[in-house]
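Protein chains: 2
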Amino acid sequence: MLSEQEHPNHAGISGARAPTGSPVISVDAMGGDLGPAAVVAGCAQVLREDPALSILLHGDEAQLAPLLARQGDLAGRCILRHAERAVTMEDKPSHVMRHGKDTSMWSTIEALRSGEAHAAVSCGNTGALMAVSMLRLRRMEGVNRPAIACLWPSRGKYGFNTMLDVGADVKADAPDLLAYAIMGTTYFRNGFNEPRPRVGLLNVGTEEHKGRAGIKEAHDLIAAHQETGRYEYIGFVEGGDIPSARVDVIVTDGFTGNVALKTGEGTAKLVGDLLRGALRSGWVSMLGALLARGSLDRLRQRIDPRRVNGGVFLGLNGTVVKSHGSADATGVAAAVRLAAKLAQSGYQGRMAERLVIAAQAAQDAGPEGVAQ
Amino acid sequence: MLSEQEHPNHAGISGARAPTGSPVISVDAMGGDLGPAAVVAGCAQVLREDPALSILLHGDEAQLAPLLARQGDLAGRCILRHAERAVTMEDKPSHVMRHGKDTSMWSTIEALRSGEAHAAVSCGNTGALMAVSMLRLRRMEGVNRPAIACLWPSRGKYGFNTMLDVGADVKADAPDLLAYAIMGTTYFRNGFNEPRPRVGLLNVGTEEHKGRAGIKEAHDLIAAHQETGRYEYIGFVEGGDIPSARVDVIVTDGFTGNVALKTGEGTAKLVGDLLRGALRSGWVSMLGALLARGSLDRLRQRIDPRRVNGGVFLGLNGTVVKSHGSADATGVAAAVRLAAKLAQSGYQGRMAERLVIAAQAAQDAGPEGVAQ
Chain W
1 MLSEQEHPNH
11 AGISGARAPT
21 GSPVISVDAM
31 GGDLGPAAVV
41 AGCAQVLRED
51 PALSILLHGD
61 EAQLAPLLAR
71 QGDLAGRCIL
81 RHAERAVTME
91 DKPSHVMRHG
101 KDTSMWSTIE
111 ALRSGEAHAA
121 VSCGNTGALM
131 AVSMLRLRRM
141 EGVNRPAIAC
151 LWPSRGKYGF
161 NTMLDVGADV
171 KADAPDLLAY
181 AIMGTTYFRN
191 GFNEPRPRVG
201 LLNVGTEEHK
211 GRAGIKEAHD
221 LIAAHQETGR
231 YEYIGFVEGG
241 DIPSARVDVI
251 VTDGFTGNVA
261 LKTGEGTAKL
271 VGDLLRGALR
281 SGWVSMLGAL
291 LARGSLDRLR
301 QRIDPRRVNG
311 GVFLGLNGTV
321 VKSHGSADAT
331 GVAAAVRLAA
341 KLAQSGYQGR
351 MAERLVIAAQ
361 AAQDAGPEGV
371 AQ
Chain L
1001 MLSEQEHPNH
1011 AGISGARAPT
1021 GSPVISVDAM
1031 GGDLGPAAVV
1041 AGCAQVLRED
1051 PALSILLHGD
1061 EAQLAPLLAR
1071 QGDLAGRCIL
1081 RHAERAVTME
1091 DKPSHVMRHG
1101 KDTSMWSTIE
1111 ALRSGEAHAA
1121 VSCGNTGALM
1131 AVSMLRLRRM
1141 EGVNRPAIAC
1151 LWPSRGKYGF
1161 NTMLDVGADV
1171 KADAPDLLAY
1181 AIMGTTYFRN
1191 GFNEPRPRVG
1201 LLNVGTEEHK
1211 GRAGIKEAHD
1221 LIAAHQETGR
1231 YEYIGFVEGG
1241 DIPSARVDVI
1251 VTDGFTGNVA
1261 LKTGEGTAKL
1271 VGDLLRGALR
1281 SGWVSMLGAL
1291 LARGSLDRLR
1301 QRIDPRRVNG
1311 GVFLGLNGTV
1321 VKSHGSADAT
1331 GVAAAVRLAA
1341 KLAQSGYQGR
1351 MAERLVIAAQ
1361 AAQDAGPEGV
1371 AQ
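Protein sequence lines, in the order shown, are assigned to chains W and L. Residue 1 is where the first sequence starts when you use our numbering, and the numbers rise one by one after that. Residue 1001 is where the second sequence starts when you use our numbering, and the numbers rise one by one after that.
Think of the hints as simulated: they come from the structure by calculation, not from any bench. By construction, the Cβ of each residue, glycine as well, lies at the ideal position given by its N, Cα and C atoms. Do not rely on the hints blindly, as some may be mistaken.
Stated by the list, open to error - Short, incomplete list of chain L residues facing chain W, as computed with Cβ under 8 Å:
(1) Val1170
(2) Thr1263
(3) Leu1290
(4) Leu1291
(5) Ala1292
(6) Arg1298
Unchecked claim - 27 Å max Cα-Cα, derived DSS-like pairs, lysine-lysine:
(7) W/Lys157 / W/Lys269
(8) W/Lys157 / L/Lys1269
(9) W/Lys216 / W/Lys171
(10) L/Lys1269 / W/Lys269
(11) L/Lys1216 / L/Lys1171
(12) L/Lys1269 / L/Lys1157
(13) W/Lys216 / L/Lys1171
(14) L/Lys1171 / L/Lys1092
(15) W/Lys92 / L/Lys1216
(16) W/Lys171 / L/Lys1216
(17) W/Lys171 / W/Lys92
(18) L/Lys1171 / W/Lys171
(19) W/Lys216 / L/Lys1092
(20) W/Lys269 / L/Lys1157
Said to hold, decoys possible - If you want the footprint, here are the derived chain W segments under chain L, 3+ residues with CB under 8 Å:
(21) 256-263
(22) 274-281
So that you can see chain W by itself, here it is in the shape it has in the complex:
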């Protein structure tokens, strides 16, 4: 999660839209594993924290109205938009694109497209959300494949690294990976005020001759665009470098990135559970755990995947945050908070600018440039 402190300067614009001090977030209430109750509770939490925020909540009115009513005084700032149907985790993206107009997901993105909202959040089916977002919001100039970026707890000075793509598309060619480098570093620069983020390309070894066909081409292309992209390219990185202090932005295709993200989350959760188990094994350990409780709580919070909930879709004309399907109220709140921060930052405009400059540079350099 990008916290207040980590996003220091937020007087900006959302995408190409007008600046706003009162962001409106469009939220899909349906499609999360825990149902609409978790989404409504998460929204209510953020609305109570941030009096300037409003929410457009999309979904089944019959279910949502009573849930909202229970939250009392927020009625005026959380407006319901009835949608007949919800996209399920089993729905194919192509089917939702053709027949999904009456779903809460479609309605959520539509409010962003029309300019009513400044950012959108959904816990639903990732593939369908990306498909609907691409169809309605369209890709930025110079972007062939949009990407999902996530924040990863790290040893670096900002406490987080950014990785992309973590699941928008299972494939990425060399020009896509270059676009990811540009988008990821703009996002990181904006989030952490780091003038020249360091980019690494994920590979199975740090030697230049290793890796898949095509990865060497991406390596050369990303290296060649360091100046236009305003980043420092450190070359290949390995899985173990993802949480390291030697890199800020890790670039990879959406298949590898998604496996890495889920492996990292799964491993952190396993270690956390084993730790909890270990500290309950006998009363001496329990007493020790009690004494060390403050420190352990801070650690738990630091590695809690709910705190960094929210993959951001990059490369579209509009800010869409994909929350974890299994997000509870805390997770949903984190995703809505991220969307609100991004809506008020100027990263979308700066990203579009960088991509156009890079595309221009590639065109000037010759036929082998950024695709599209």
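Since the structure of chain W is already known, use the hints to place chain L on it.
Chain L in isolation, oriented as in the chain W frame:
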């Protein structure tokens, strides 16, 4: 690491070689990040534990002889084989295949091929080790791409899952993934006495329509061979399932598997380091940590990557264990211990048998079967 308890029945054969109660392990002393001293210390540790074991140690005699002399009484059981050169981490596998005859790595594999040793261990360049092993030991019938299998700490009843390929080849076609399922389950069955291991195919979603081109073909092929392979196929699994209790053997290509392995190791290490830091922040926490020390030590040991050091090359006519390049004496000892266990088990013969049966079944079924 497969411990004594986890490998219950070890009166068997190593590959197609004669049974042995006194395994000879061929160890490459050069090429590890910490130099030959760590390798010699690790070997000495295992030799002291296991009086039946002998070691053939390959490398620069001028460096190794004094290191060995310091270990005192082991001289008779650790025989030096001088090799003029060492393979470096920068050497290309193809170069080593053509010009590597005088290297310690080549000599290590050659001792296995000739039958002098029953298993081999190296901390060196993975790509070169695989290339030399394939050239000298040859692939088993029915195997197009050999794989590297690792053990992964898990919530399952055996405490470990197996994943392959974690880095032998960056590509894997559907028939390769089927061979990995057969090899991985034979290895797991042998290691943990589990009659019918559960196989999962690593993907970005558990839905059937998701994932890369070709992965659906592998899905169908692995499902169709459940009976001949004597495993249960549970379908697609995600990164978060790798340490879970719902699967025993995780099958994937070597690019994805290597990234996942290193991401998992990196994450576990990060969490461990953060925990250590947290427990040193203030004297109350330190006192708590002191009281909980026994439990924390057991946890640390459980997730210590050195304990599970050793990727096993599967699909070759001979047992080769690849130790982590950065392994210290404890890590090297773990790899040598694993090699000794495997040398005494019968898994190689049973694996060859299963692969032939599957290839036969595929041939009977029609033209689309196991490759090669």
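Hint-by-hint comparison with the structure:
This hint holds: L/Val1170 has a C-beta 5 Å from the nearest C-beta of chain W, less than the 8 Å allowed. Interface hint at L/Thr1263: satisfied, since its Cβ lies 4 Å from the closest Cβ of chain W, which is below the 8 Å cut-off. Hint status for L/Leu1290: holds, given a least beta-carbon distance of 7 Å to chain W, under 8 Å. The interface hint given for L/Leu1291 is met, as the beta carbon of that residue sits about 3 Å from the closest beta carbon of chain W, less than 8 Å.
For L/Ala1292, the interface hint holds, since its Cβ comes within 8 Å of a Cβ in chain W; the closest pair sits about 3 Å apart. Annotation: L/Arg1298 was flagged as interfacial toward chain W, and the flag holds, the nearest CB pair being 6 Å apart, inside 8 Å. A C-alpha spacing of about 23 Å is found between W/Lys157 and W/Lys269, which places the hinted pair at or below 27 Å, so the restraint holds. Only pairs whose Cα atoms come within 27 Å are accepted, and W/Lys157 paired with L/Lys1269 is accepted, the gap being roughly 18 Å.
Under the criterion of a C-alpha separation no larger than 27 Å, the hint pairing W/Lys216 with W/Lys171 is consistent with the structure, at around 16 Å. Distance hint between L/Lys1269 and W/Lys269 is fulfilled; the C-alpha atoms sit about 13 Å from each other, no more than 27 Å. Between the alpha carbons of L/Lys1216 and L/Lys1171 the distance comes to roughly 16 Å, so the proposed pair stays at or under 27 Å and holds. With a C-alpha separation of about 23 Å, the suggested pair L/Lys1269 and L/Lys1157 falls inside the 27 Å cut-off, and the hint holds.
In summary, the hint linking W/Lys216 to L/Lys1171 is supported, as the alpha carbons are separated by about 15 Å, within the 27 Å threshold. For the given pair, L/Lys1171 sits about 18 Å from L/Lys1092 by alpha-carbon distance, which is consistent with the 27 Å threshold. Restraint check for W/Lys92 and L/Lys1216: satisfied, since their Cα atoms lie roughly 15 Å apart, inside the 27 Å limit. About 15 Å separates the Cα atoms of W/Lys171 and L/Lys1216, which keeps this hinted pair within 27 Å; it holds.
For the hint pairing W/Lys171 with W/Lys92, the CA-to-CA distance comes to about 18 Å; that is within 27 Å, so the pair holds. Our distance criterion of 27 Å between C-alpha atoms is met by L/Lys1171 and W/Lys171, whose separation comes to about 14 Å. With a CA separation close to 15 Å, the supplied pair W/Lys216 and L/Lys1092 stays within the 27 Å bound. The straight-line distance between the Cα atoms of W/Lys269 and L/Lys1157 is roughly 18 Å, inside the 27 Å bound, and the hint therefore holds.
Only residues whose beta carbon comes within less than 8 Å of a beta carbon in chain L count, and the region 256-263 of chain W has 7; three or more means the coverage holds. With a threshold of 8 Å between beta carbons, the proposed coverage of the region 274-281 of chain W by chain L holds, since 5 of its residues qualify and at least three are required.
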